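Build out the structure end to end from the sequences listed, making use of the hints.
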Amino acid sequence: MSAGQRKINKWILHAILVLLAIVTLVPYVWLIIASLKGQDDFFSAIFLPPGDGAFGIGWDKLSLDNYRALFDLGFEVNLINSVFYSATTALFATLICAATGFVLAKHQFRGRNLITLVVLGALIVPPTLLLAPGYELLYDLNLLDTSWGLLLPLIAPAFGVFLFRQAVIQSVPDELLEAARIDGCSEWSVFFIVVLPLVRPMIGAFMLITFLGMWNNFISPQIVLQTADKQPLSVAIAQLRGVYKTDYGLLTAATVVSVLPVAALFLFLQKQFISGLTSGAVKG
Amino acid sequence: MHRITNTILALRGLSSGVWVIATLFVISLILVLVRQPEQEGDLQFWVFSPEHAEMYAPLIEEHDASHGVKLDMTVMSIAAIQSRMMSGFFGGLPTADLIEVEKAVAPQAFMGPVDAIGFHDLTDLLLEEGLLTQLNEPSLSPWSVDGRVFGLPHDVHPVMLAYRADITEAAGIDLTLAETWEEYFRMLRPLMEDKDNDARPDHTPLSFWYTNQDLIETLMLQGDGQLFTPSGQPVIANERNAFLLATIVSWCVGPDRVAIDINEWSASGHQEKVDGLAIGYIAPDWMCSIWKMHVPGLEGKLKLMPLPAFEPGGRRTSVRGGTMLGIPKTTQQFDRAWDYAKLLYTSPEVARQLYREVDIISPVRSLWDDPVYNEPDPYFMNQRKGRMYIELAPEIPLRPSSPYNKQAAIDVRDAALNLAEYANRNSVYNAEDLIPEAIRLLDRVQARVEQRMSRNAFAAEDLAAGDGEAQ
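Protein sequence lines, in the order shown, are assigned to chains A and B.
Mind the numbering: the first sequence is residues 1 to 284 in the working numbering, read in order.
Mind the numbering: the second sequence is residues 285 to 755 in the working numbering, read in order.
Calculated directly from the structure, the hints in this document are not laboratory data.
Treat the hints with care, as some may be off.
[To be verified] Interface residues of chain A toward chain B, partial, derived using beta-carbon atoms under 7 Å:
#1 VAL18
#2 ALA21
#3 ALA132
#4 GLN222
This one's a predicted model, so the numbers in the text were calculated from it and none came from an experiment.
Even for Gly, the Cβ is constructed at its ideal location relative to N, Cα and C.
So this is what it looks like as structure tokens:
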């Protein structure tokens with residue numbers, strides 16, 4: 001293939017990618033514009049409202065009123081709750097899953113295979129099936145309408161335990177652990193100083209998955225938390241939808257507020273996310 | 285100390301993203317800890333509609349202040365209420381002291397023997413306090429089991445036909461003269477021309493489709509169709525149901541079909557309404573406020589009229605949707621909860637606001653004289669629509685409270701879909717010719733529902749008793 005031909009192919013590829021990027025970004029652009037429009041313009045114009053401004057657009061009809069109204073409703077409380085629940089779940093779930101995965105992968109003890117099987121078995125139980133018994137258990141433990149009631153069932157997911165078990169088997173050589181122990185490391189030090197740095201890509205990926213999972217979690221907070229001040233964004237946004245009428249400007253502004261932090265976080269962690277997902281995909 | 289330093293040095297290599305999440309954890313933890321927890325009230329009240337909550341709030345505040353009690357009102361989604369309520373009822377856990385439940389959810393609480401229902405039986409109390417006679421009788425049916433009432437009705441939700449009066453009046457058609465669906469479709473036939481040559485009629489008489497389960501149920505109820513007896517026996521496979529199903533499906537099939545599929549909730553559906561693709565829309569009272577909000581462009585172009593009947597002299601209305609207020613048996617403060625229930629569901633202030641805000645009429649008959657219902661509505665060409673809905677309220681059909689009704693209605697919708705396919709495949713477009721196939725399809729629905737009920741020990745007993753009675 002000549003250099004010219006390669007250049008043309010590259011251009012075509014880029015053109016297709018730009019087109020796909022536009023298709024992907026259109027909903028976000030729509031969302032942001034909709035959050036700036038008033039209720040009257042919401043249904044009358046798909047994107048920007050028509051008017052007398054530049055390019056025939058009513059720029060004066062766009063405002064931050066929906067965002068102001070949103071925070072007048074006390075939405076910042078739900079935003080803080082979402083950050084708290086997501087960050088706590090991401091940190092503790094990663095730590096607990098990594099530790100459990102390490103133990104299941106590298107320690108010989110009685111019942112290890114049985115526990116691994118139980119972890120695998122837990123993966124096939126649909127979460128919906130656990131709603132009613134989970135609710136009863138939380139009631140018995142007096143944890144309903146508490147942050148603990150929401151967080152405790154989510155900080156040791158079977159998926160994470162199994163994921164880290166596989167990551168430790170693949171990335172941590174037994175010789176290294178033996179060497180650390182000979183040098184006088186305790187099991188905690190072995191875990192924190194030797195194992196965790198070696199499964200670093202998986203930590204980034206799993207933390208992001210868990211953070212996003214909790215950020216988008218709707219059903220658990222709905223069931224467990226009753227007080228409005230304890231609810232996360234996902235529940236607060238759903239409650240902006242009326243049964244008879246809905247202020248769509250407010251709803252889209254709330255959606256923007258809920259999308260932005262996770263989008264920013266993804267930009268921060270995307271390298272780890274991708275490397276974590278592909279580690280072990282290629283035989284090295 | 286040395287170990288901690290080593291650990292920190294080892295973890296230093298973790299990505300910046302991990303540290304961002306750790307920082308977010310610390311900051312949000314501090315913010316959550318410094319927040320003052322709200323003092324919990326004496327009673328709990330779960331509602332699913334923010335609009336209802338907004339209406340109740342001032343009355344509750346006033347009542348709380350004058351009685352020295354505090355009622356906590358929590359707005360949550362219908363799904364959350366359903367999960368919490370059913371978990372509470374099945375597990376014997378406390379729920380709230382008052383729960384507002386939507387029509388699709390309430391019957392689930394009625395599964396099993398009457399004395400095991402999680403809500404308090406309000407019948408005797410309603411009788412003692414003279415409330416039973418004050419309430420619109422048919423509005424009690426979805427919340428009653430074996431003649432016992434387990435919830436106060438929030439609404440009536442009678443149904444009328446909203447039609448594009450601007451189009452019909454310009455064409456010189458007086459639709460109010462149409463007493464039956466047949467007459468209605470015949471009168472609108474002249475408007476079905478295709479003047480713009482887009483291969484479809486410029487106007488179709490009715491917005492309805494055989495895939496819309498809610499509308500199928502609404503129309504079948506209007507025509508006295510019945511899926512369950514008042515005692516909960518399935519009677520789906522009957523001639524009346526087959527006739528109704530065949531009739532409404534025949535509206536949607538063939539070259540002369542008189543119905544069109546217009547989405548009730550989407551922006552494209554709203555645009556089609558503005559464009560006048562359909563003339564008539566089946567409109568319960570609550571739908572009026574939704575139209576005003578989502579299709580403001582139709583202000584002054586619509587009028588309401590009673591639904592045309594299936595036969596001369598037949599019922600001119602139906603019912604769609606509904607809400608009840610129940611008091612769970614687990615409440616420790618029944619008397620206080622009952623006081624709040626009466627305050628919120630029988631107060632003239634809430635009834636007035638309910639109509640002004642969301643066009644819903646109250647089921648309390650003594651409130652029907654309120655002048656608010658006589659106010660002309662500019663959206664509907666200044667018709668006194670409140671009064672029109674009230675006139676139809678006593679006529680709404682009775683609805684079953686069977687927990688199997690929702691799934692049965694879905695199965696009937698599937699039967700309608702199969703019937704339409706059958707009609708199109710065999711070019712059978714006449715309602716009468718579709719009846720045998722409709723009976724066959726409804727037989728299958730009946731068998732499915734009976735099979736489902738037989739898996740429930742209590743429903744199976746009822747089913748067997750029903751069979752015994754039939755023999």
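For each hint, the structure was consulted:
{"no.": "1", "hint": "VAL18", "verdict": "28 Å, violated"}
{"no.": "2", "hint": "ALA21", "verdict": "23 Å, violated"}
{"no.": "3", "hint": "ALA132", "verdict": "5 Å, holds"}
{"no.": "4", "hint": "GLN222", "verdict": "4 Å, holds"}
Of the numbered hints stated above, those contradicted by the structure are hints 1 and 2, listed in ascending order.
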